[in-house]
Amino acid sequence: MVETGIPKLDEFLGGGIPDGKSLVYYIQPGVEGEVFGLQTVYTSLKSAKTVVYVASSTSPDNIKGQFAQFGWDIDIFKDRFFFVDAYNSLIRAPSKEKYVVSNPENIEDLSKIIIDMMKELPPSTIVFGSLSTVLDLCGEKETVEAIRNWNKYAILHDHTAIYNFTAWPYSQETLDSIKKELFNAVIAVGGIADRVIFGQYYWILKSDWIKESRKSMLKSDWTKDSRKSMLFRVSRPGGITLFIPKILITGAFFAGKSTFLHALSTQTVSIDRIGTTIAIERCHVEYKGFSADIFGTSGQERFTPIIKLLSGESMGVFLILDSSNPQDFIHTKEMLQITKSYGLPYIVIANKQDLQEALTPEEIRKHLDLGKDIPVVPAVAKDKIGIFEAFEILIDKITGGI
Amino acid sequence: MNDYTFGIKELDNAIDGLTKGKNIMLIGPPMSGKEIILYNVMYYGAATNENGIIMVTTREPATHILDWFKEHNLDLPMSRIGIVDCVTKTLGSNEVENDNIKITNSPVDLTGIGVKISQFLDEFYMKKNIRKNQLHINSLSTLLMYSNIQTVFRFLHVFTGRIKGAGALGIFILESGMHDDKDINTLKQLFDGIIEIKSENDRNFIRVIGLSQKPTPWFQYEIEGSNIKMGE
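Chains D and H supply the protein sequences, listed in that same order.
To convert, count from 1 in the first sequence and add 64; that's the numbering used here.
To convert, count from 1 in the second sequence and add 31; that's the numbering used here.
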C-alpha cells in the first residue's frame, strides 16, 4: 500500500493506493496540482519504498529544488530514489541520472526506459511528473496506448503508478479515457473560479478498490454525484494543507441574517444591540462532511466597507432578503453589485416566505434582474426551512469544477 | 469605450480605446522594437492606468526586465507588477521568487506557467482589489520552439478564455517570419485583434487590425531609448 500523504485522501482511499494499482491526479489548468505527485513521492520515500520520478517538463535537478522548497529532504533517500530523465535530451543537455530517455518525443523510447526500469526495480512507487507533457510531445493516441502498457507492467511487477495530468483541452476521447478508463483511481484537483481562480480543492472522482460500504459512507448524499471536496492550500514549506473556507452572508436590514446563521450553526458569535447585529458575527458549520466559517455583517449601509473587506477573503456569498419587503431590494441590489465585483459565487435566499405578502422566488428574480444561473432559494429561517438546502447549493456552486 | 489603452496616442485614437476581455497578438519581424513597444504598454498600463500587469518572459530573466525600466528611469509601481520568469531556471541560476517574480521550470512547463499566471491574477484581483489586469506574453515564438502548435494552442485557448472571463487585456508577442503561415493562422483564431509591425527600407511601421471597423493606417515609428516616436 502506498500512502499519498495528502491530508484526508489516504483515509478516503481506505489507507492509500494498493500495490499494482494506478492513480491519476486530474488537474485543472492553472491550479497548483503537481505538488500532489511530489507529496506522494516524499511520503512514499519516508515509508521506506523505492520511488521513481519521471521528469518530462523540467530537469531532475529542478525537481530536487522543488522538494527543497517544500522542506522535504530527499538526499537521505538517494539510494532508493531514481529519476527517469525525459527532459534533458529535449534541450540537448547532459544527464547524470540512471534512466535517461534519448528522445522524449518518441513514445517508444520513453516506453522502453519505463518498462526496463519496471522490470529491474523491486515493487516501487512510480510518479509521472507531467503526463500532459508526454501527451504534448508524443501524441495523444500514442500516449494513451503507452499508459495502458505501463499500467499492465505495474500490475505484473507490483509497482504503484501515479500520474500528474493537467487537463488542457485535449480531445474529448483522450480526456474521457483518462477520467474513466485508464486508471484505477482518479483524483480531480480543481479551482474555485469565476473571474479568477481563488481557491483549490480535490475530490475522488473514481476509485475501484474502495469497498462499497466505505464508498457509501464517503458519498456525499447532498449532490447528484458522489462528490466530497476538500479545500486545500499549498504552503512552502509544508506542502498541501486543508483549510476551512470563509463564506459571507449579507443582506438588507432585518432580512434575517442572524436568524439564518443561528439556524445553520451550533457555534455562533455575534455582537448584538437591541436585537440587530451592529458589527460582525461568525458561525461555524459542519454539515454532511463539509466545514465552513460563515461571516455576516449588519445590513445597514454604513457597514458596506466591512462587506467589501470580507468579500475579498470569501469563497462564496449568501445574499439574504426579506421576500415581503421589496423596498429594501434596492439596497440588496447594491450589495449584489459589490459581491459581483469580486466575482464570487453567490446565491440569493428569499427569506420570510411564510409571510402573506412575500414575493415568490421568480418574482424576486425579476426584481433583481438575476440570470437563470443564480439560484433563488425560498426559505423561512426562523423555522429552519430552506436553510440547509441553501448551504448545499452554495457549496455545490463553489466546488462545481472539472 | 476606454477600458484599456496602449498608451500610444496615435493607436489609441485610431481604435477609440479597448473594451475589457480583449486578446491581441503583437506580430512583427525581429529587431523591430516589439519588446520596447510591449514595455511601453506595460509601463503605461501600470503607472498611468493603475492596472495590474502580469508579464510572462520566455526570452530574458525577470531581473533584466526590471533593470531595463530602472536604466530608463521609468518608475514602475511594483505592487502592480508580476513577472513569470521562464528563463532563469534554464540558465541554472538559483534566483529565488519574490513578490514580483515567480519562476517556472522552463518554457516547456506550460502547466507551471499557467499556475503562476493564475496566482498573480488571484493576487491582483482578489487580494489587491485591482480590477483591470493585463497579461503580456513575450513571446509565443519561444513557446513554439519548445512545444508544438497544438500544445501552445491548447494553452492559449485556456488563457485567452481566462482573459475574457476576468475582463482583462492580453497581449502576446509573435515573431513574424519564423513560423508557418498555417500555424500563425491557427493561433490567430484565438485573438480579437492584431498589432502588426512591418519593416521596409530600414523604417518601421505599425497598425492595428480587428479592433476597429477597419484596420488603422500604418504609422511609421522609431525607437529612441525607451520611447516610441510616432511619425505620420
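These aren't lab readings, by the way, just hints derived from the structure by calculation.
This one's a predicted model, so the numbers in the text were calculated from it and none came from an experiment.
Where is the CB? At the ideal position from N, CA and C, for every residue including glycine.
One or more of the hints may lead you astray.
Cross-link-like lysine-lysine pairs, in silico, DSS-like; alpha carbons within 30 Å at most [to be verified]:
| hint | chain 1 | residue 1 | chain 2 | residue 2 |
| --- | --- | --- | --- | --- |
| 1 | D | K436 | H | K213 |
| 2 | D | K205 | H | K51 |
| 3 | H | K159 | D | K430 |
| 4 | H | K159 | D | K397 |
| 5 | D | K176 | D | K243 |
Pulled from the structure, derived: some chain H residues nowhere near chain D, Cβ distances all over 10 Å [as the list claims (entries may be wrong)]:
| hint | residue |
| --- | --- |
| 6 | P61 |
| 7 | S63 |
| 8 | Y74 |
| 9 | T121 |
| 10 | S137 |
| 11 | D153 |
These are the hints, each one checked on the structure:
The suggested pairing of K436 (chain D) with K213 (chain H) is violated, with an alpha-carbon distance near 41 Å, which exceeds 30 Å. For the proposed pair K205 (chain D) and K51 (chain H), the alpha carbon gap of about 38 Å is over 30 Å, so the pair is violated. Simply put, K159 (chain H) and K430 (chain D) have alpha-carbon atoms about 33 Å apart, too far for the 30 Å limit, and the pair is violated. Between K159 (chain H) and K397 (chain D) the alpha-carbon distance is near 24 Å, which keeps this suggested pair within the 30 Å criterion.
For the hint pairing K176 (chain D) with K243 (chain D), the CA-to-CA distance comes to about 25 Å; that is within 30 Å, so the pair holds. No beta-carbon of chain D comes within 10 Å of the beta-carbon of P61 (chain H); the shortest separation is about 22 Å. Here S63 (chain H) stays apart from chain D, with its beta-carbon at least about 28 Å from theirs, past the 10 Å limit. The beta carbon of Y74 (chain H) sits about 24 Å from the closest Cβ of chain D, which is more than 10 Å, so the claim that it is off the interface holds.
With a minimum CB-CB distance of about 7 Å to chain D, T121 (chain H) fails to clear the 10 Å threshold, and the non-interface call is violated. The non-interface label for S137 (chain H) is inconsistent with chain D: the shortest C-beta to C-beta separation is roughly 5 Å, within 10 Å. Interface exclusion of D153 (chain H) from chain D breaks down, the closest Cβ pair being 5 Å apart, not more than 10 Å.
Checked against the numbered hints given earlier, the structure breaks hints 1, 2, 3, 9, 10 and 11 and satisfies all the rest.
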